[in-house]
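Chemist: Residues per chain, in single letters:
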Amino acid sequence: MSLWEYANPVKFIRTTDKVLPWIWALAGVSLVVGLIWGFFFTPNDFRQGSTVKIIYIHVPSALMAINAWLMMLVASLIWIVRRHHVSALAARAAAPVGAVMTVIALATGAFWGQPMWGTWWAWDPRLTSFLILFLFYLGYMALWSAIENDDTAADLTSILCLVGSVFAILSRYAVNFWNQGLHQGATLSLDKEENISDVFWFPLLVCIAGFVLLFIALVFLRTQTEIRARRTRALLAREGQA
Amino acid sequence: MSALLLRDLVLSIRAGGGFGLGLAFFLIVTVLVPFGVGPQTDLLARIAPGILWIGALLACLLSLDRILALDWEDGTLDLLATAPLPVESIVTVKALAHWITTGLPLVLAAPVLGVLLSLPLPAYQWVVISLALGTPALSVIGTFGAALTVGLKRGGLLMSLLVLPLYVPTLIFGAEVARRGAEGLTVQTPLLLLAGISFGVIALLPFASAAVLRINLR
Amino acid sequence: MVLAVRDLAVTRGGMAILEGVSFDLSPGEALVLRGPNGVGKTTLLRSVAGLQPVEAGTVTGAEDQMAYAGHSDGLKAMLSVTENLKFWASVFAVKDIESALHSFDLIELRNRMAGTLSAGQKRRLGLARLMVTGRPIWVLDEPTVSLDVASVALFAEAVRGHLRSGGSALMATHIDLGLEEARVLDLTPFKASPRARHMDEAFL
Numbered sequence: 351m352s353l354w355e356y357a358n359p360v361k362f363i364r365t366t367d368k369v370l371p372w373i374w375a376l377a378g379v380s381l382v383v384g385l386i387w388g389f390f391f392t393p394n395d396f397r398q399g400s401t402v403k404i405i406y407i408h409v410p411s412a413l414m415a416i417n418a419w420l421m422m423l424v425a426s427l428i429w430i431v432r433r434h435h436v437s438a439l440a441a442r443a444a445a446p447v448g449a450v451m452t453v454i455a456l457a458t459g460a461f462w463g464q465p466m467w468g469t470w471w472a473w474d475p476r477l478t479s480f481l482i483l484f485l486f487y488l489g490y491m492a493l494w495s496a497i498e499n500d501d502t503a504a505d506l507t508s509i510l511c512l513v514g515s516v517f518a519i520l521s522r523y524a525v526n527f528w529n530q531g532l533h534q535g536a537t538l539s540l541d542k543e544e545n546i547s548d549v550f551w552f553p554l555l556v557c558i559a560g561f562v563l564l565f566i567a568l569v570f571l572r573t574q575t576e577i578r579a580r581r582t583r584a585l586l587a588r589e590g591q592a
Numbered sequence: 003m004s005a006l007l008l009r010d011l012v013l014s015i016r017a018g019g020g021f022g023l024g025l026a027f028f029l030i031v032t033v034l035v036p037f038g039v040g041p042q043t044d045l046l047a048r049i050a051p052g053i054l055w056i057g058a059l060l061a062c063l064l065s066l067d068r069i070l071a072l073d074w075e076d077g078t079l080d081l082l083a084t085a086p087l088p089v090e091s092i093v094t095v096k097a098l099a100h101w102i103t104t105g106l107p108l109v110l111a112a113p114v115l116g117v118l119l120s121l122p123l124p125a126y127q128w129v130v131i132s133l134a135l136g137t138p139a140l141s142v143i144g145t146f147g148a149a150l151t152v153g154l155k156r157g158g159l160l161m162s163l164l165v166l167p168l169y170v171p172t173l174i175f176g177a178e179v180a181r182r183g184a185e186g187l188t189v190q191t192p193l194l195l196l197a198g199i200s201f202g203v204i205a206l207l208p209f210a211s212a213a214v215l216r217i218n219l220r
Numbered sequence: 457m458v459l460a461v462r463d464l465a466v467t468r469g470g471m472a473i474l475e476g477v478s479f480d481l482s483p484g485e486a487l488v489l490r491g492p493n494g495v496g497k498t499t500l501l502r503s504v505a506g507l508q509p510v511e512a513g514t515v516t517g518a519e520d521q522m523a524y525a526g527h528s529d530g531l532k533a534m535l536s537v538t539e540n541l542k543f544w545a546s547v548f549a550v551k552d553i554e555s556a557l558h559s560f561d562l563i564e565l566r567n568r569m570a571g572t573l574s575a576g577q578k579r580r581l582g583l584a585r586l587m588v589t590g591r592p593i594w595v596l597d598e599p600t601v602s603l604d605v606a607s608v609a610l611f612a613e614a615v616r617g618h619l620r621s622g623g624s625a626l627m628a629t630h631i632d633l634g635l636e637e638a639r640v641l642d643l644t645p646f647k648a649s650p651r652a653r654h655m656d657e658a659f660l
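Residue numbers (this note's numbering), protein chains in the order written: chain H, 351 to 592; chain G, 3 to 220; chain L, 457 to 660.
By construction, these hints were calculated from the structure, which means they are not laboratory data. Note that beta-carbon positions come from the ideal geometry of N, C-alpha and C, so glycine has one too. Don't take every hint at face value.
As the list claims (entries may be wrong) - Simulated DEER-style distance windows between Cβ atoms:
id, chain 1, residue 1, chain 2, residue 2, range
1, G, 202, L, 516, 38 to 46 Å
2, G, 198, H, 469, 28 to 36 Å
3, H, 529, G, 42, 18 to 26 Å
4, G, 33, H, 555, 54 to 62 Å
Said to hold, decoys possible - Some chain L residues flagged as far from chain G (calculated, every beta-carbon gap over 12 Å):
id, residue
5, 457
6, 460
7, 480
8, 567
9, 576
10, 603
11, 608
12, 616
13, 619
Let the sequences and hints guide you as you build the complete structure.
Modeler: Have a look at this one:
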C-alpha cells in the first residue's frame, strides 16, 4: 500500500477519524504532564528566577511556528508536483495554526523579555524574524481567502509559499546582519554542551511533544473541515445547484 | 518585446501617473517626515538615508497595481498570452518598464530630496548607488505581487500585504549601505549582499511571476 | 493547418457545461457556433484558444496558429489607431498594417486616439488587429457586437478574404453574416449533464 492512498480525500477522512481521538488524548496528556512538571516541579533558574518557566510554552510554540511553515512548504510542493487536493487543503489548514503559534511565541517572549531585558519588545534578530514570519502567514492566509476558485487559490498560494520561504530565509540573514541581538542562544541545539540542564530539558521535551501532537490534531481536524466543505460544493455541483 | 516596452513607456508618459505620481508621492513623504519627527538638523541627518529608502519603497509600492491591472482590464493580457511572446518575457518587460518609469526617477530624485533632510555629504553617492542597485529588485518583486493579485477586485491592499514582507531583505541591505555611507563606514559587505539580492531576484523571480500569471489568466 | 477538436468537455465556475464536442476546421472553412446564452460558447472558444484548461478531450493544431478576439479588444485609449495596430503587428512580427486599416475602413481614423472612438469603431479596430497577426486560424467571440450593418458587411468581406487566402475562422455569433460557405454547429445537444468537475470527483 502506498502512502499516496491517503491523498484520497475520503480515505483521509476515514483514517484520520480513527486516529484523531488518540492524538487529542496524547496531546492533552503530554501538555498537562509537561506543563505541570515544568511549572511546579522544576527549580528556579539562579539568574532568571521563576520567569524562566515560560520556556515551556515559549520554546515549543516557537518551534511549531517554524515547523508549521515547513509543513506548508512540503505540502505546497506535493500539490505542485502531484496535485493531491488533500495536500493543498492541509497547507491551507495549517496556516492559521502556525500563525497562532507565532503569536504565542511572540507574546510569551514579550512577557519573558519584560522582567529579563526590561522591555516588552526589542528589535532583536530573532524577535524581528518571527514578526516577519507572522506577516508571511497573514499574506498567505489573505491570498487563500481572496480567491474564489479552489484550484487557482491552491496553485497561487503554493507558489507564494515557495517564494515566501526563500524570502523568509533571506530576511532571517538580513535581520541578523542588521542588528546583533539580546536573545540568548538556541535552547535546543545538537551541540550538547550548549543545552540547558536535564532538569529543565525533560519537561520541555514533553511539552514539545504535546505541542507537536496538538498541531497534528488541529491540522487533521481543519483539513477534514476543508475537505467536507469541498465535498459539499462538489455535491451541489453534481446536482446542478452551485 | 521591445514593442511592448516601448508601448508601456509611451502609455505612462501620455496617461500621466507613470513618471509623475511616484515622484510626487516620494516628495510628499519626505516633506511629511520633518513634520512628524521635528526639524532638528542632526536628527534628520541621522535618519535621512532610511527615510529616503522607505519613501522610495512606498512610492514604488503605490504604482505596482498599474503594472498588470490595466492590461488585464482591457483584455490585452489575454491577447498577449496567445501571442508568440513567452509569459516570462512579458513579466520581465513589464518590470523593466516599471523600473524605468518609477524606480529610475526615484533614484534621480533622491539626492534632491536628501537636501531637504540635511543628508550628510558623504551619503549622497551611497544613497544613489544603493537605490540604483535596489530599486530593480523592488520592481521585479512588485511584478510578482501584481501577477499574484491581477484578477482580484480590490487586489491593491492584498498586494501590499503580500509584497511588503518580500521587500524586507532589499530594504535592510539597501538602507544599510546608505546608513554606513552616511557614517563614513565601509559599505562593501551590504553593497555586495544588496547586489546579490537584486541579481538573484532578477534572474529567478520572473519564472515565478510568469507561473502565477499563467494561472491567473486561465 | 487543420484545427481538430475531439470530445472536448469544458467547465465554467466549477460546473461542467459542455461535453463531447468534436469538429474539424480545415483551411478555407468557417464554422459558426450557435446556442442560447450560457450554453458555453465563450468558454469553448477560450479553451480552443488555450486560455483555459480543458476538462477532457483534445484541441490540436491551434497553438501558435491562432488569433483570438474576445469580448475586449485590448486597445489602449491613449494610443492612436495606427499605434495600436503597429504594436500588435510588431508583437506578431508583421510589417504591413495598411491593408488591415483599409479593410475595416479605418484610414480616416488612423491618427485618432483609440479612446475617442465610438464603440463600433473600436470594435472595427479590434477586428483589424486579427489581420496583423498573420495567423491562419481566427477564433472570434461575438465579433459583430456594436457593429452597424455596413460594418458587418466589411467584417464579412474580411473573413471571406481570409478564407480565400487559406485561413479559417471559428466564431460564435447570433446574427447572419451572409457567409454562405460557413457551416453552423449548434452547441445545445452537447450540454453536459449536471455533475461535479473531474477534479472534484475524488471528494464524492
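Chemist: Honestly, do residue 529 of chain H and residue 42 of chain G meet the 18 to 26 Å range at C-beta?
Modeler: Check passed, 24 Å falls within 18 to 26 Å.
Chemist: Would you check whether the claim that residue 480 of chain L is not at the interface survives, using Cβ distances to chain G and the 12 Å cut-off?
Modeler: The assertion about residue 480 of chain L holds, with a minimum of 21 Å to chain G.
Chemist: Residue 198 of chain G and residue 469 of chain H, beta-carbon distance inside 28 to 36 Å?
Modeler: Cβ of residue 198 of chain G to Cβ of residue 469 of chain H: about 33 Å, so the range 28 to 36 Å holds.
Chemist: Run the C-beta distances from residue 567 of chain L to all of chain G and say if the shortest one exceeds 12 Å.
Modeler: Given a closest Cβ separation of 14 Å, the condition holds.
Chemist: Starting from the range 38 to 46 Å, see whether the pair residue 202 of chain G and residue 516 of chain L falls in it by beta-carbon distance.
Modeler: The hinted range 38 to 46 Å holds for residue 202 of chain G and residue 516 of chain L, with Cβ atoms some 39 Å apart.
Chemist: Over 12 Å from every CB of chain G: does residue 619 of chain L meet that, or does the non-interface label fail?
Modeler: About 20 Å separates residue 619 of chain L from the closest Cβ of chain G, which puts it past 12 Å; holds.
Chemist: Once the closest CB in chain G is found, is it more than 12 Å from residue 457 of chain L?
Modeler: holds, 15 Å
Chemist: Any Cβ of chain G at or closer than 12 Å to residue 460 of chain L, or is the non-interface label fine?
Modeler: holds, 18 Å
Chemist: Find the nearest Cβ of chain G to the Cβ of residue 576 of chain L and say whether that gap is larger than 12 Å.
Modeler: holds, 17 Å
Chemist: Checking the smallest CB distance to chain G, is residue 616 of chain L really beyond 12 Å?
Modeler: Non-interface label stands for residue 616 of chain L: nearest chain G Cβ at 23 Å, farther than 12 Å.
Chemist: Is it the case that residue 603 of chain L keeps its Cβ farther than 12 Å from each residue Cβ in chain G?
Modeler: holds, 17 Å
Chemist: Minimum Cβ separation between residue 608 of chain L and chain G greater than 12 Å?
Modeler: Answer for residue 608 of chain L: holds, closest chain G Cβ roughly 21 Å.
In the structure shown, no violation is registered for any of the earlier numbered hints.
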